[in-house]
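Participant: Spelled out from the first residue to the last, the chains are:
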Amino acid sequence: MSLNCHNTRIPCKRPLGFADNMPSYSTDQIRRIAPLSLSLFRQATGRIALALTAALFISACATSQDVATRSNGINDPYESTNRSIHAFNKGLDRNLVRPVAKGYGAVVPVEMRDLVNNFSENLSTPGYVVNSLLQGDFRSAGVSLTRFLMNTTIGIGGLVDAAGELNIPSRETDFGETLAVWGSGEGAYIELPVFGPSTQRDAVGLVVDFFTNPLTIYTIDDDPERYVPPTALAASVLNDREKFSRQIDSVLYESEDSYAQARQIYLQNRRFELGDDQADAADPYEDIYGE
Amino acid sequence: MVNDLNRRTFLAGTTAAALAAAAPAYALSEAEARKLVDTVVGEINRVISAGKSEAATIRDFEKLFAKYADVPTMARYALGNDGRSASASQHRAFAEAFQGYLARKYGKQFRDFIGGRIEFRSSREIRSGYEIQSTAFLQGQEPVNVTFLVSDRSGSDKLYNIFVEGVNLLLTERTEIGAMLDNRRGNIDQLISDLRTTG
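Going line by line, the protein sequences match chains D and F. Residue numbering for the first sequence follows this note's numbering, beginning at 1 and increasing consecutively. Residue numbering for the second sequence follows this note's numbering, beginning at 1001 and increasing consecutively.
If you are wondering where the hints come from, they were derived from the structure by calculation, not from laboratory data. Hints may contain errors.
[Stated by the list, open to error] Pairs of lysine-lysine residues, derived as DSSO-like cross-links and limited to a Cα-Cα distance of at most 27 Å, are as follows: (1) 243(D) / 1105(F); (2) 90(D) / 1108(F); (3) 1063(F) / 1105(F).
Could you build all of it, start to finish, from the sequences and the hints given here?
Facilitator: As structure tokens, this is what we get:
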């Protein structure tokens, strides 16, 4: 059975649209960006097959370990290395990402930032199509393909989430989820430099998605417009950092063990996205009276 | 979309009704559990829309928390295995400090909920009571999946856990309290006194 927002507790996301105050942009900008998305898609398809073949080999050997070795459902044999990387990531956030995100949020109006997020999200949508197909979820693949075509054309090159406005919500997925559907175990918890909390399975997924995402494929080629997609991605990461700054700051800077908090929250959220039922996982009545 | 939601709500309702009919007599009914969540959500909205100062809002949140949540059980869970050596008076003091800490920590984020609304999605029976699933629509954000767990095992109908996008409050706080205890070499009295000003 395929996992999607209609048969799991994954919410059917309705991304931000253009209902209010749409800023104006020049027709010249539109003409440049609209064909860009389509050409990215064409360039991507060739490499996708290659990357997937590679992924099969990687995933076969990387994520054989599954059982959580600790009673709390967390499998973290690399904790000391992970903690060093966490300290590095925290420094990166404190000294670079957080201040820049604050500046971006203060200078650029939210409507404009959301257009950039839409544009970046649209470039990830072909990746959703591929992963949905690999999961055997043809319905979601069709939805993502429809969203990509609609947003690239009437959504002006992806700047506007036109499909979302018409109640066709995003079916976001990734290769980590594909691996989970194929039966690959979660593997150990790892914190990746820059990317943050992950698992062995999701780290493999990240690598594969990197090579199947036109956003990053495009940057490999020598072309004057190659800086557009990664810049859009960076800007949308900054926008998200700013939008959820209260929650992120609370975990990173107000916890007495930000590593353990980030790990706990990441694993819970990720398992939830992949359709895990956790209602009885932390039952205080069983915990207290049952033992 | 609207039709789809209605259909799902209807299906969930009928399924729950069928389950309730088939299930052995449970003191807490699905309808009562849902009513409790409705009441709590309504009260939270009232506190937020009252537009008081942050300190006053947090005080109001703490009152709601004390009234509608099974604080002693939640506190005991958060204290985890380290709580086994604690005395009854330490448990009481910890529960009181924990209640204020949660009100401050989560009450600070109340501004994110201004102008938002919560829509009921479905409910089902779980081991210790009922699970009420809902979607929170917050301004300028994608919808958020929020799940409330309700039980009567304390003797009356109380909330005992909340999941936001799969992240559950009890487990998250058990991790944090565990870290705080480790940093204080397991000194529960020190933890209680520090917790009174944390969050």
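Participant: Hint by hint, work out which the structure violates, then give me just those numbers in ascending order.
Facilitator: none
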